[in-house]
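Enquirer: Chain residues, written in single-letter form:
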Amino acid sequence: MHIPDGYLSPSTCGVLVAAAAPFWYTALRRVQKTLTSRMVPLLSVFAAFSFVIMMFNLPLPGGTTGHAVGMGVASIVLGPWASMLAISIALVIQAVFFGDGGITAIGANCFNMAIVGSLVSYALYRLIGFRATLGSARRVMAAGIGGYIAINVAALCAAIEFGIQPVLFHDPAGAPLYAPYPLSVSIPAMMLGHLTLAGLAEFIISAGIIAYLQRTDPGLLRLSAPDAADYDSATPAAPEAITFPAARKLWLGMALLLILTPLGTLAVGGAWGEWTAQDLSDPQARAEIAAVSGNRRPPDLVPRGLERLSSVWTAPLSRYAPAFIRSAAFGYFVSAMVGVGLIVVSCLLASWLLAKSPPKAPTAWAPSDRPRRKSFVEKTLRGLVEAMQRTLFAEDMAMARGLLQRFDPRVKLIGVAALVLAAIAVHRISVLAGIFLAAVVLAVLSHISLGTLATRVWLAVAAFTGVIALPAIFLTPGEPVFRLPLLAWPVTLQGVRAAAFLILRAETAATLSILLVLTTLWTHLLGAIRSVRFPAVLVAILGMTYRYTFLFLQIARDMFESRESRLVGVLAPSDRRRLAVSSAGVLLDKSLQLSGEVHMAMQSRGFRGQIRLLDEREMGVANWLLAAGFVAFGALAIWLGR
Amino acid sequence: MKEPREPAAAFDVKDVSFRYLDVAALNGLSMRIQRGERVALLGANGSGKSTLLRLLAGLYFPDAGEISFFGESLTERMLENEQFFYSFRRRVGMVFQNPDIQLFNPSVFDEVAFGPLQLQWPKAQIRERVGETLDLMGISHLRDRAPHRLSGGEKKRVALASVLVLDPEVLLLDEPSAALDPSSQAQIVEFLVSWGNRSKTVITATHDLDTLEDIADRCYVLENGAMAAQGTPLAILHDVALLERTKLVRPHHHVHREGAAQPHPHLHSHLSE
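Quick note, the sequences are listed as chains A and B, same order. First residue of the first sequence? That's 4 in the numbering used here, and the numbers climb one at a time after it. First residue of the second sequence? That's 4 in the numbering used here, and the numbers climb one at a time after it.
Rather than coming from a laboratory, the hints here were simulated on the basis of the structure. Don't be surprised by glycine CBs; every beta carbon is placed ideally from N, CA and C. Please note: incorrect hints may appear among the correct ones.
Residues from chain B shown here face chain A by an in silico Cβ test under 10 Å; the list is partial [to be verified]:
| no. | residue |
| --- | --- |
| 1 | S33 |
| 2 | R93 |
| 3 | V95 |
| 4 | L106 |
| 5 | F112 |
| 6 | R130 |
| 7 | S154 |
Pairs of lysine-lysine, DSSO-like flavour, derived with a Cα cap of 30 Å [claimed, not checked]:
| no. | chain 1 | residue 1 | chain 2 | residue 2 |
| --- | --- | --- | --- | --- |
| 8 | A | K36 | B | K126 |
| 9 | A | K593 | B | K250 |
| 10 | B | K203 | B | K126 |
Only chain B is shown next, with the shape it has when bound in the complex (with noise of 0.2 Å):
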């Protein structure tokens, strides 16, 4: 899978629209993702951004519409192919935002081992792998912690080396450092600028502007489950009109010297030009 030119995208989603029981999630979106791109969806919550990360990972399936992953159809018939699941699963990696449904498992060891004992590797393999990836997210003291000794930060990790044991081709993160304190948000910040050598795609749902431009190189902006807007992460954190209509940021009232109070936007973000 390393050649130099491969013609189809990581993903293509083509007029995709996802419906729950009775909600509407997602209205004939499109967007193309190429491999070795890292891509943020943005948008405030209900937006759309983690349905569509689920319908990338193959876990719902669009109700109109297409997506292919590397020029294939990904359907919940082509999943049933053993094959393929296999293949999918090993290539694509998500992690949750709730760290209560990503890991499941009674250890952090277990955790771990979960995705390559399911791919069926070696047994001998998965132990030496398993050591491998804790050591490489800090967290071999951790190996037989049950998740409700561990700190935010602590979950997060786990939940990032339960994916990564397998070496995924595309990562899809949601949320990853919501309501983690500034300290392990700046860790797994900086594990996923350094992680995969910019050889790997990296999809991440966020709302968190501050880090936009360390983990993306496009943002999507989503909006009631449409594309609102498409650009880089400057382009997009200069559009304030866009955020604030997009519930990204939210007027800021502040008082003036002049001593009247103005509603007025009001970005933290670190816009260097």
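Next up, chain A with everything else stripped away, as it sits in the complex (with noise of 0.2 Å):
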């Protein structure tokens, strides 16, 4: 679900992050707007907790394990808005330091994740559970649906990422630049993981972090169900949920995205565009691209609406648009913007729907009380105890005296952001090979050693994306150049690009991200995004997330550890789940008392609700002399790689 560098195309980051970006402005000025100075320290410690629950290993049916993103129970406590802010800044700090999901990926995962993925289950939550008491057994099932699908339509979305990619991006011979698979390929294999495994984690999380909580705290549960039997009149009165004129502008945004996103494309171009201008002039390339487009006629599988929405946007600028508008690729790239649209506005209106209706009588509130059950968690345990060393590892790196180290965070940051550009923007292997190569020396200076990256990054990364591009070398159509032996499976050239292309672009953004991590400190790095006029507000954010997911990962170690030892005995996979649930739920309780906790200590030292920080000093010459070089370097190499 964590899209990593390299499967999309620079055109669509870009897209996704238009995409995200209304939705982080109008959360934000909600959230600023109703929790006040409360929402720093509280955004902080939520995101803090929600990574920390991304690494819990949870026990499913049949004995695997799977992993939760936890936007249903962000989006429960939190609220949706809120909720994307959090999840979104969990998703950051994945991003830059564990690797999770490419750096330039982000605005993707978190269109998917964070956003689609707190609007549904939220929207899910309040309708399922919508006349329920807050004690029901029916809000656990509503949240653990709500978890469930929410992680299944953000699948989906990444899936229709993916899939859009090869239709959209390949060099003149077919292969495709990015993601191999068309949609037909991409939306079962996402969704197969996803109905089952992550879908179920998701399930168990949402819903076992709701029923602890309703034992524990339910207070928690009454901002996202503020027409719930009153049960305590001393809890606090919750700010409203989404209104319709707040809403208001957001829809606007959306809709003016919609509109705009085939001029988007168009103006941001990439590959696509470049792949048009080229082979509209050349002849040649003009019957290959016919070609190799027989082949890539859209799939079967495509659901039709897609193709008729797809019908429906090309339709019109049929008659004044270039040919290539008129494209079925170009019509799936607008209908999967409109089908994302379309989710995300129909969960708008539901919640809108649901703050309209009229307040429900209270029922009895029955607590239950079941015992928590101990078990083993090695794996989790494992998780933890790593994502410490990391952590650890990185800030001893960071403090070496490398080549790196000694440049101006901002140096690093802007070289590493042209360096990863240009890695994914590039259509030669040769100039991404340059790329790879160059990150190497670059770390090799800093006294990362190749032993580092090859265990950290290179394996790591070979290992998931190699078993993603395999399939590619058979599946992608073209010119066969070799068959399997006894299955006679022909393997494409174009195939074998395409794989190449993955590995090599997932192996260069991954190499040039761990650079950054690995030469900066965390703190230094936040001064420098503070310095490209990042939101004080986030940034202040991200370090208090940053120092809190540490503690958290310490707390959840401790708490895992000490179950350990008093382990007697296998458990059955349901207490196991019961556990790995309840310590969830304690985690979460620690994490909000932290919370309020903290939120006086910054009182107590001034703050008053508005961030304020100290601004970076000035760069220097030699410093900007740097940071140009990195840029120049980065733009020839996607001069020569075009």
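With the hints as a guide, bring the two chains together.
Expert: Structure below.
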């Protein structure tokens, strides 16, 4: 579900950042208004909590384990807007620090999981739990189903983003430049995993934590259920739910965006624009494209609705637009945007309708008191310890005296951004390999050993992306160059190139991003982000999230260690699940309590809700030149690799 | 604010009660703390001393009764006034017991700079003042460290630095020496003894009787949210019955020469009389 770098074209990434931006903006505005100064510690601590929750291995039926994102819990406890921010922040930290999800794909990942996920799970929770009292089993189910469907809708978004890549972005010979599978492959492949494992994990964590909160801290459920039966008059009044006037700006923004999408794609262009420009002028390539397009006809499995939508979008344009706008590919892209837009809009509509519904008569609320069981959780424990070690290792490396460590963090931020962008924009494998080599040289000069890179980055990426890329060798249509003995599967030239592109891009981007992390202290990185006019509030929240992520990793580790030490025998899967969920619940309780206390500590030192940060010092000529050097290198690579 | 005689007490607490949702934490408590006084709040866990500190810090507000700060009533409404808010926060510093609460910034430098930034000091002055404070506390070498890379004693020093950077008139300390090794404990106490040259008001919540005489001129003993006793450290330390009742010491079982085991209060404080 966390999309790595190199799977999506730069233009797709750009469009998704643009799609996420109005939500982030609105969420920030709304949250600042409703939660005042409590917002900063609350969001930070909750983001840290989501981060740690994503590391929990949840035992699933059938003996496997899965990870949840936690959007169900976040959107129920915080409301959809704050949840979007909290999960986005957790995703950013994951991408930057732990290489889960690409840096260029942050917009896509946040859009799928944080924004669409939060909205869907919140809407479903409100819809299904509508008339139920706060402590009812129905709310537990509502949370579970909300989480299950939300993560599946998020996965569907990701699948669509993947699936449109080969149609839109391939080289003249037909080799896909990014994710190589069409919708007919990407949708079933993504959904299979999410309808089963990941969906169940999300179901368990959402339902489980809501059940836990019903017993321990039902006040936290009040925000997302303002109409539910009252059980405690001392509960503070909840901020209002999504209302139409407040959402109006967002609606307008969304509508505008959907209209602008075609223009945006043209402007951002990238691979696709180039492909058209080149091929339309060159008769030979044109013939080639035509041949390839024959192979790339929309697959049969594509939902009818999408196809119809695509014709709706392309039809009115056809008379005035150049030929390529009439292509099916373009229609797909736009339809995907429309489809996602529809999901989001219907969620907003649902929550708006719910907010207008009359309150319900109170019913009795009976807390249930199930005992907590113990069980083993070695996998989670291992994951937590690894994450902590990674953080410590990164901090130690950043203190070393290598080449990159000496650069201003802003130079590194600009430099790495330029190189990652080049790595995902180039169309030539040789140039991509050149960028990769440059990254390796920089690493060695910064005292990062090849062994570290191999174990931390290359192997991990190769294992993950390799498995994904391998079938593309056979599945991509094109000229067969080799047939597998016995099976007689054709290996196509296009397929090999596609797999090579995907793996090399993912490796290069991951190597570059770990360079940034291993040579720059997080606080310096935050300063760098701040100096490129990133909102101060978010910089502060990112800083606090990082600080508390480590604390929660420690708390979670201690919790699991103490459980492990008391383990006797093997527990039934259901007990293991209960244990994982109650651990998550305890962590949530601690998180929220901590956020209240931290807020007081902030107040006592003069915090009134307005974030103030020290500006960075001037960068100096030498550093500017360095930054310019990086950018020039990136630009050169893009030009050479066009 | 340095006039020789200011009539109002630093804090005047009158009949203050405070409840958490369902638990009463303070019941009709009254006390007067003069400017420049060093006061210890003694009491077992849950006796209400942390709550009292938070009331004095203007973080909680009494359900009944009144607290005034240098003659001005300390209410939620008063603190909504921006001018009073900033002047109060500047004059009253609070160090929380739990370093995970006190230290919420990603690095030591950011932590110490947080207060001055909120009070909108000029940025150049902030850098300078933060540097001085780090030097004063002997933690300059930690400036880029994350809180999770600090030892317990270092955390406490950073916590103190983060408050002292504002040079407050009143310092509220919640268990400053709890969970520290003896050497770090001694460092903190030494620092507190020398800090401010007796012109500062220092209010310390503690149940550490060993350092009582060093850090306080006067003690209040709290029990279940009410005042159990007050007096000089020496007088309080001698009142064994009081200390036992308020769970500050525990009857110490040990075998006497006669061979009979018997409960017998056993103070380990340095009573030099």
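Enquirer: Evaluate each hint against the coordinates.
Expert: Hint check results:
no. : hint            : verdict
1   : S33             : 23 Å, violated
2   : R93             : 7 Å, holds
3   : V95             : 8 Å, holds
4   : L106            : 8 Å, holds
5   : F112            : 7 Å, holds
6   : R130            : 7 Å, holds
7   : S154            : 15 Å, violated
8   : A/K36 - B/K126  : 28 Å, holds
9   : A/K593 - B/K250 : 28 Å, holds
10  : B/K203 - B/K126 : 26 Å, holds
In this structure, the earlier hints numbered 1, 7 are contradicted, and the remaining ones agree with it.
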